[in-house]
Structures are given as structure tokens and as C-alpha cells.
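*Asks:* Start from the sequences, fold in the hints, and give me the full structure.
Protein chains in written order, with our numbering: chain A, 1 to 447; chain B, 1 to 284; chain C, 1 to 295.
No incorrect hints appear here.
Simulated restraints on C-beta separations: (1) B:ILE92 - A:GLY51: 36 to 42 Å; (2) C:MET190 - B:LEU28: 26 to 32 Å; (3) C:ALA21 - B:LYS200: 20 to 26 Å; (4) B:ILE24 - A:GLU242: 54 to 60 Å.
Here are the simulated EDC-like cross-link-like pairs (lysine to aspartate or glutamate), alpha carbons at most 20 Å apart as the crow flies: (5) B:LYS141 - C:GLU37; (6) C:LYS207 - B:ASP15; (7) B:LYS141 - A:GLU92; (8) B:LYS228 - A:ASP85; (9) C:LYS144 - B:ASP56; (10) C:LYS70 - A:GLU430; (11) C:LYS230 - B:GLU129; (12) C:LYS70 - A:GLU423; (13) C:LYS144 - A:GLU257; (14) A:LYS246 - A:GLU430; (15) B:LYS16 - C:ASP197; (16) A:LYS42 - B:GLU243; (17) C:LYS148 - A:ASP253; (18) C:LYS148 - A:GLU257; (19) A:LYS246 - A:ASP186; (20) B:LYS228 - A:ASP55; (21) B:LYS141 - A:ASP85; (22) B:LYS128 - C:GLU37; (23) C:LYS144 - A:ASP198; (24) A:LYS388 - A:ASP316; (25) C:LYS148 - A:ASP198; (26) B:LYS228 - A:GLU77; (27) A:LYS279 - B:ASP56; (28) B:LYS60 - A:GLU304; (29) B:LYS52 - A:GLU304; (30) B:LYS52 - A:GLU305.
Keep in mind the hints are simulated off the structure, nothing from the lab. Every value quoted in this text rests on a predicted model; they were computed, and no experiment measured them. We put the beta carbon where it would ideally sit given N, CA and C, even for glycine.
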Amino acid sequence: MKKLLALLLALTMVLAMCSTAFAAGITEDPVTLNLWLTPQWKGVFSGDEEGADYDSFFKEAAARYNEMNPNVTINVEVIPADTRDERLRAAEATDSLPDLMYEGAFTMAAYYHSGSIVDLDDIISDEDRADIGEGIWENCMIEDHTFIFPFAHMPGTLIYNADMFREAGLDDYIGGEYEIVTWTPDDFKNVILPALRDNLPGVYPMSLFAVNNQADTWNLSYLRMFGCPFFDETGHLCANDENGVKALQYIIDLYNEGLTVPGAESLSSNDCNAMFQNKMIAISFTNTTLHSNLEADMASGNVEEFDERLANIPGDPEPKSFTYVSGLMAMNTHDDTRIAVSKDFIKYVSTDPELVIASKNSLPVRASVSAAVADELPYAEAYNENAKYIFNFSNNMPGYNELRNVLFPEIQAALIGQKTAQEAMDSYVEKGNQVIDEGRASSVVYN
Amino acid sequence: MKKNHSLISKIKRHDKLDLVVNVIVFILAIINLFPFYYLLTSSVKSSAAIFKMPPDWWPKTFETKNYLDLFTGQPAFRWAANSFLVSIITTIMVVICASMAAYAVSKLDFPGRNAIYMIFIGALMIPKEIFIIPLFQIVTKFHLTDTYAGMILPNVAATFGVFLLKGFFDTVPDAIRESGKLDGAGEMTVFTRLVLPIVKPGIGALFILNFVNIWNDYLWQMLIARSKSMMTLMVGTASIMQEISPNFGYKMAGAAVASVPMLIIFICFQRYFTSGITMGAVKE
Amino acid sequence: MKSTQKNPRLRATLTGYGFVAPQLIFFAVFTIYPIFEGIRLSLFRSTAVENTFVGLENYINLFQDPVFVKSVLNTLFLVVVITVGNLILGLIISLAIFDKKNGYVSFVRSTFYLPVIVSTVVMAMVWKFLLNPANGLVNWYLTKASGKSINLLGNPNTVLWVIAFVTIVASVGTSIIMYVASMNGISTEMLEAAKVDGASKLKVCTKIVVPLVKPTTLYLSVTTIISILKLFVIIQLLSDGGPNNSSMTMMYYLYRNAFSYNKMYVASAVGVIMFVLAVLIALPQFISMNRKGGK
Chain A
1 MKKLLALLLA LTMVLAMCST AFAAGITEDP VTLNLWLTPQ WKGVFSGDEE
51 GADYDSFFKE AAARYNEMNP NVTINVEVIP ADTRDERLRA AEATDSLPDL
101 MYEGAFTMAA YYHSGSIVDL DDIISDEDRA DIGEGIWENC MIEDHTFIFP
151 FAHMPGTLIY NADMFREAGL DDYIGGEYEI VTWTPDDFKN VILPALRDNL
201 PGVYPMSLFA VNNQADTWNL SYLRMFGCPF FDETGHLCAN DENGVKALQY
251 IIDLYNEGLT VPGAESLSSN DCNAMFQNKM IAISFTNTTL HSNLEADMAS
301 GNVEEFDERL ANIPGDPEPK SFTYVSGLMA MNTHDDTRIA VSKDFIKYVS
351 TDPELVIASK NSLPVRASVS AAVADELPYA EAYNENAKYI FNFSNNMPGY
401 NELRNVLFPE IQAALIGQKT AQEAMDSYVE KGNQVIDEGR ASSVVYN
Chain B
1 MKKNHSLISK IKRHDKLDLV VNVIVFILAI INLFPFYYLL TSSVKSSAAI
51 FKMPPDWWPK TFETKNYLDL FTGQPAFRWA ANSFLVSIIT TIMVVICASM
101 AAYAVSKLDF PGRNAIYMIF IGALMIPKEI FIIPLFQIVT KFHLTDTYAG
151 MILPNVAATF GVFLLKGFFD TVPDAIRESG KLDGAGEMTV FTRLVLPIVK
201 PGIGALFILN FVNIWNDYLW QMLIARSKSM MTLMVGTASI MQEISPNFGY
251 KMAGAAVASV PMLIIFICFQ RYFTSGITMG AVKE
Chain C
1 MKSTQKNPRL RATLTGYGFV APQLIFFAVF TIYPIFEGIR LSLFRSTAVE
51 NTFVGLENYI NLFQDPVFVK SVLNTLFLVV VITVGNLILG LIISLAIFDK
101 KNGYVSFVRS TFYLPVIVST VVMAMVWKFL LNPANGLVNW YLTKASGKSI
151 NLLGNPNTVL WVIAFVTIVA SVGTSIIMYV ASMNGISTEM LEAAKVDGAS
201 KLKVCTKIVV PLVKPTTLYL SVTTIISILK LFVIIQLLSD GGPNNSSMTM
251 MYYLYRNAFS YNKMYVASAV GVIMFVLAVL IALPQFISMN RKGGK
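*Replies:* Structure below.
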């Protein structure tokens, strides 16, 4: 309780002006808003609350908002992530979009391009801009327009089995328990992976997957490891430059030398994750959610315990990091009043000193919240330290989904030796730019 | 109903080729059972045991946890009930519509009869999946996504039943219909009281074929079922497969559970399956 | 009411249409309309910013897309291999067993029919586990036997064969059931006579049985072809169209465009092309089936 009070105090100072700004006279008439979210975290603030469910937080937020604005009711509905697109596209076609949506930024960018999400710039204050890192904001913007109010984020990293490292004599390369260790690409390829391969029979040194677009962000990160910018200033792909090709060649070499799992071209990220957890892979991928699930599974005995720690995706000159930012969006329902009320609700949820604490369930986007809950989030410091390596992997471009599906076949072709690294990247850039141009031609942002 | 009356079975002397082929067929039949054996044994293994190579051919320990997790973590019973409901209602509707239509094109005389039949028959060549987009749009427009109706109605449009049943109706002598008419019965009475009982085997065949088809349908049900509680067994099982879970035994348990209901139905009604399916297929 | 009683012709017409009406209504809404709507959609380019009539442009773009061309070839490959494999295997197994004791026949038949019963979804899942390149049983033995890592699903030369194999295993049971029943329907006198003539079983089969079950063959070829055109779940679960689109099929290409890329107009054009293809491939068998199998 004492902690909470101190926290509130700290936050209130940062967010001082917000609490008075809400509501007040957008409309007096009764308004009913619909909010959709995909499963994020259970409970209002924590999963061990009684009756904790995916809609708990927004139901609570809606109730609090309703107290201040009795004429506004908000219905909360959880929709499965894998049918999100069918549902939203159907809603677009029948003009029955929800008023509010809570989801990851990069998956929702497509709907900004199809005109279904409205700008939020007018509800974002300078304090918000300052409290939330620049890398995060980049993930939330399309051509200088903010389409999502960042709430929480979920950085992706590598994860490794430190027990296996010890067995392979790699003690020097093990980082601290709550550290995100950084290896150079050289050490990674020439020391760490070979040691794992040669000393641990029956264990594959590293996960690699390319059967579909699932978790392709890690593959995108590998491709940037030597500093390839990926997109040029016109927003087109330039991933076939020297460094991009070098990075793909690096991966192909790892694969051919038996330093990754075999058959990566037909393995999914799920397969690799399962093998890592069953001690068949030494180094794999993770993000904050997967990581906390793993820790929970170990605690409950679902997964046999081992010493798992985090690592950065190796890079030269610096490692690569990315994050999935999630937050609330106001959908374009073509009803000015409802859009205005929705935006007001978004501002309330995203800035209320108490509500924003819920972002600790993955990782808070706000420095103020991170600082306040630091002792609950042992990795927060390491992640904050890492924030400088964050790049915006999707550019929030139109047609990103299709762009994703252009990449993995090329990686497959490179892995099975159908194409050289150069050919694969050239073909990716060519097809990808076609997708980008087509996407722009059908985006309301560029037309 | 149909006994194997082949006389050749009485021939004691088999030629060599026949013997060799039969041995191979028998071995293949046994090999064919292997995936199921693998499925069932894996479903009771711990995750670590599944990853063991070479595998334990007989599980060392029997983990009921996979099944417990499945039934507590997923609405597996609900999925099975959904599958059953969707399959049975679709099938009943198909039987009603198809038998009436088949009766009409077989026995009734009206202008356009042949044209309608030809169109029905032609449509057999077009799986509904080909026009899944407009189909999906219609269902969306009627607000039938995530409903049973959305899963059921488009499948009632299939004309296979008309094709199948017409063959049966054609074999019914016109005299039966006429005798009914003489007694002053209406067309509907003649149809339900006199003709339908004669084509019962055909109805049974259609019922079984259609039921199995709908039960195993996947793509359409996957598109329509949005919420977890509306998923059918196949869709739900496939969704477990794609779930991020390190526990492969749990996924195997899902697959095993998905195969059980139909297996039971098959074992109970095996005779009808084999005779029904064939009769439906090719009427000489 | 009165006029219908006076006019038996009109009455018969009304009755006739009354009987076909339920089927016809469903058929019109869920088959006829989608066909025309699908054709219409394929002639437009509809996005968030435009909805323009583009004529055949979508089709032209499709045939310029190497992935689509590959998907057409793959689909044709699967149609041929699976249909032929399914029929030949089904026929051979049926010929081998149809004259044996009931118990044996029903054992073999049920064994092969089991995969059909437990559904393609489950079959695809099990095979996916068995074929996993890093921890699957099949790969483990292949790797052990050959000394190098082998991935049947990751090799463009083998992936389609694997898909064909799994599909055949999952569907040959239907062929066997139909063939066996159809063979049981062959008059015993005919087979007796052949036996008296001292003909070998091979001769009896090729000269008498195979020609007599031709209607079944035709029926099976039509249904198999159609079911392969819409083959979806095996591709989705086993290979996801890979590697490098080596196992992309038209149905999967359609699905991706429709439900991942939101390009309904492209998917509609694919649907129309599949429609034409279905008619072209299935029509000949279909016509002879109706001629012989019908009345």
C-alpha cells in the first residue's frame, strides 16, 4: 500500500494535467461504445486477482470512466487473435467497426491504411512524448501521424539455456541472471555455436525457422545484424545491399555447418520453442510474454526447470532489438461524437496514473511507470538499457502482411540452396517493393 | 444387407500372384495402423518422452495430464457437440431438400425439369471452396458469422444428394405412384407415404456420406467459427496444433480426441457405412 | 386454387416447382449467386481507395505471377498423381481381397478406411509430427540410415510427393470400399464360368472385373479430382506451401490472397480459373459417367 501511494505520487506529478482533462462536455446524450481486444493479460493489474480474465482491465477502466461520465457505457469484447483480421475486415465491409480496439501496432497499421483508424495526435501531450521512448513512438506512427496510443510493449530477444553453456565450457559467455547479454556475431558463429554443437550430443545449438511468417521478426533482426537499414528514405526495401546479403549468408553458413536446427525451412517458431523448452535446443527466441509463460511453466512443473537467460540478437557494430508495441486505437465509425468520446477514453486509460500500472504485465512504455514498478520487473532495467537498439521492423507500411509472406519463401530458397544469398535478397527486394507500391496505391494515407 | 456372395471365395487354390499381392496388402494394412498407434501412444507420453529418439514403442508412464489439460483448458466437449450439431442438422436439411428435389426431377412432369436437373448435376463439379469469397460475403452480410446457421446453410446448397437419390427414385415403378393417386392422395402424401420408404437405402447412404463430409469439413467451419466456443472439433483441434505450447503430448491428445467420436460412430454403424456408401456411389 | 384444379398442367408445374423449391432456393443463394458474384468481383479492383472495373487485368496479373503459375502446375501435378495413385492402389487392393473371406475383407477395408473416418485434419497433424525435420520419427530413421540430415518436406523435389502420399493414404479407403462393393455385385455365374475355363485370377480381374467396375472408376475419378482441387488442410498443416512455394496450390493461393492479404479481387479471379479448370478436367469423366452410370 505504501508502495502504491509513493507510486501514485510519482505518477501524478508526471501526468499532472491529465486527470482534469477528461470528459467535460463532449456530449450529454447517452453513448455506448464497443471495445475489442485480443487476449493480452489477465486481471486488472495482475493475473492472480480473483476472476482475472482478459477483459478485466478494460471492464474496470470502463467502469471508472463511466463514473466520471455517466452517459458513456463501454462494452468490452475479447476476440481471438487468429481471427482478428477476418473479423475486422468483415466489420469494415459492413460498416460495423468497434469504436475502440486494443492490439499490437504493427498488426493494425493495415487498418490505418484502409482508413479505419483515426489520428490520435491531438490527444497526445508533450509530457506523453517525453515519458515514452522515441523508439516506441516510431512504432506507433505512419507518416507523422500517431494512430495508436502506446500502452505496453513486448521486446523480443534471444533466450539461452545457461546449463548447456556450462556443459559446453562457455562460462565466459553467460550473462547475469537479469541481464541481456550481448555476443558479437563473430563469437556467436565461431565460438559459442560450435562449442554447443560439438559438446552436446542430441542438442541443436540454435533455433531457426522459416516455414511461415510466424515470429519472422527475429529473422528480420538477423538480416539487419550487420547494419543493413532495410528501408531506404523513400520507404522502399534496400535489404539487398552488401550488409543485408552478408547477414543472410551468415545465417546460411550457420545452417550448413550444423549450427542450427536441421530442416529450418519447414520448422515453425512453435516447433523451435517447444524444442528449446524440452532441452533440445540451446539458444532460441523469446519475448516478454513467452518468457514469463516459460517461467510460470517451470514454476508449476509443466516444464522441467533449467537456468534460462536472455541475450541480444548479435549485431555489428551493435546488437539488434525490436518490440511489439500495443495500445488503444480509435476506429473510424464515421460518427464524430463517438470518435470524440473514444479518444477521450483512450486518453484517460493511457494516462491515468493508476491504470497505466497495468502495463507492467508485459513492459510499460512509460519510463515513469518502469521506474515505479522496478522491483516487480527484474528485467525492466535490462530492457530499458536495450531500448536504444530498438528498430521499427515493419515501418507500419501498407501491405505489411503480404510483405511478410514474400520473405520466408526466399529464406527457404536460400537455406535449401535453391538461391544464393544475393539472389534471394534481390528477389525479396524486387517482390517486396512491388508489394509496397501496390499497398501504397490502395492506402488512404497516400491517396 | 448385402452378403459377400462371391463364389470365388470358395476356390481353395489361390494362384501365387494373388497370394503375394495379398501378403503385401495385409502388411500395408498393418502399416496403415501405425500413425494411429503413434498418435495414441504419444498422447499419453510426457513432452520429454515424445522427443526421445528412438521412441519408447510402449509408453513408460501413462500421463493422463495431457487429456486433463485438454478438457479443462479447452472446451473440447463443446467442440464435439458443435461438430455433431452442425453435421446432423446439415444432413437432415440436405436429406429433406435433396429427396424432394430428386423426387421432382425423377417422377414429376413439369417444364424446365431437365434443365434444372442438368444444372444441379453440373454444379457437382464445383466445390464450394472455389467461390468461398462471395460465399463468405453473403454469410457476413446476413450476420451469420460465428453462428451455426453460417456453418450449415451453405452446405445445404450442395446438389450431390439430388444426383444420388434420383438414381434411387428412378427405380421406383410409376405404378406405385399412380395407385396412390387413384386413392386420391396428394403428391406430398404419395411422396412421404409410398415412395420415400422404398428409397430408404438411398436416404441412408446420403445420410452417412453427408454426415462424414460435414464432420470432416474444415476450411469453411474455420472461417465461420470466430469464438472458441463456436469451433467445431476439427477447427478446435487444428487451433491447438498451432498454439504456442511446448507440450506435444497435449497436441496429440487433441488429435486423438478429435478422432474418437467418428471412430465410435464408425464401429457402431460399420455395416451401414460400407453398404451405404457404395449404394450411393454407383447405381448400375 | 380453383384455377389450378381446372388446369392440371399448371397444377403439375406448381407441384413440381414446389418440390424442387427448397433445394433450388439454397442452390440459388449459395451456389448460383456466388458464382456470378465471384466472376463480377474478379473483374474489379477493389481496395480501400478504389473500386474500379479493370476487365481482365486481374487475370493477366495472375499469370504474370510465377507463384501463381507454379500453383497451377502443382495443382495439376497433385490431381494427376493422387487420382491415379488413389484409383490404382484402390483397385489393386480391392482385386486382391474381394474374393476372400468376409472377416479378412472387412479388416483390410476398415484399416484403410480408418484415416477417412478420423479426418484429414488429424491425419495431417500426425504426419506433421512424423515428418518434423528436427524431431520426427521418419526423419530420424532417414538421417540414421543415410548419415545426413534429410527433410522430405523441405525439398522441392519431394514435398509434393509427400503431400500426394499423405493424401492418398487419407483417401484410398473410400476407393476400396466402393470397388469391393461394386465387385461383389458382379454376377457369380460370370466369374464361375471364367474359373471353369481355367483362367488365372489376373486374367479374370483384367478381363472381367476391371471393365465391369468402370462406372465406379469414373465416379471415383470425378470425386477425387474435385476433392484435390479444394485440398487445403494438408497443405496448411504439412508444408504451408513451402519450401519457396514448391507446394503452393491454387486453393492455398486463393486462401492467402483472400484472408491474409485482403485481396478479394485476386482471390476471386483464382476462383474463376479453378472453376474453369474443374470443368475442363472433370467434364469428360463426368459425361461418360452420366452416360453409363446413369440410366
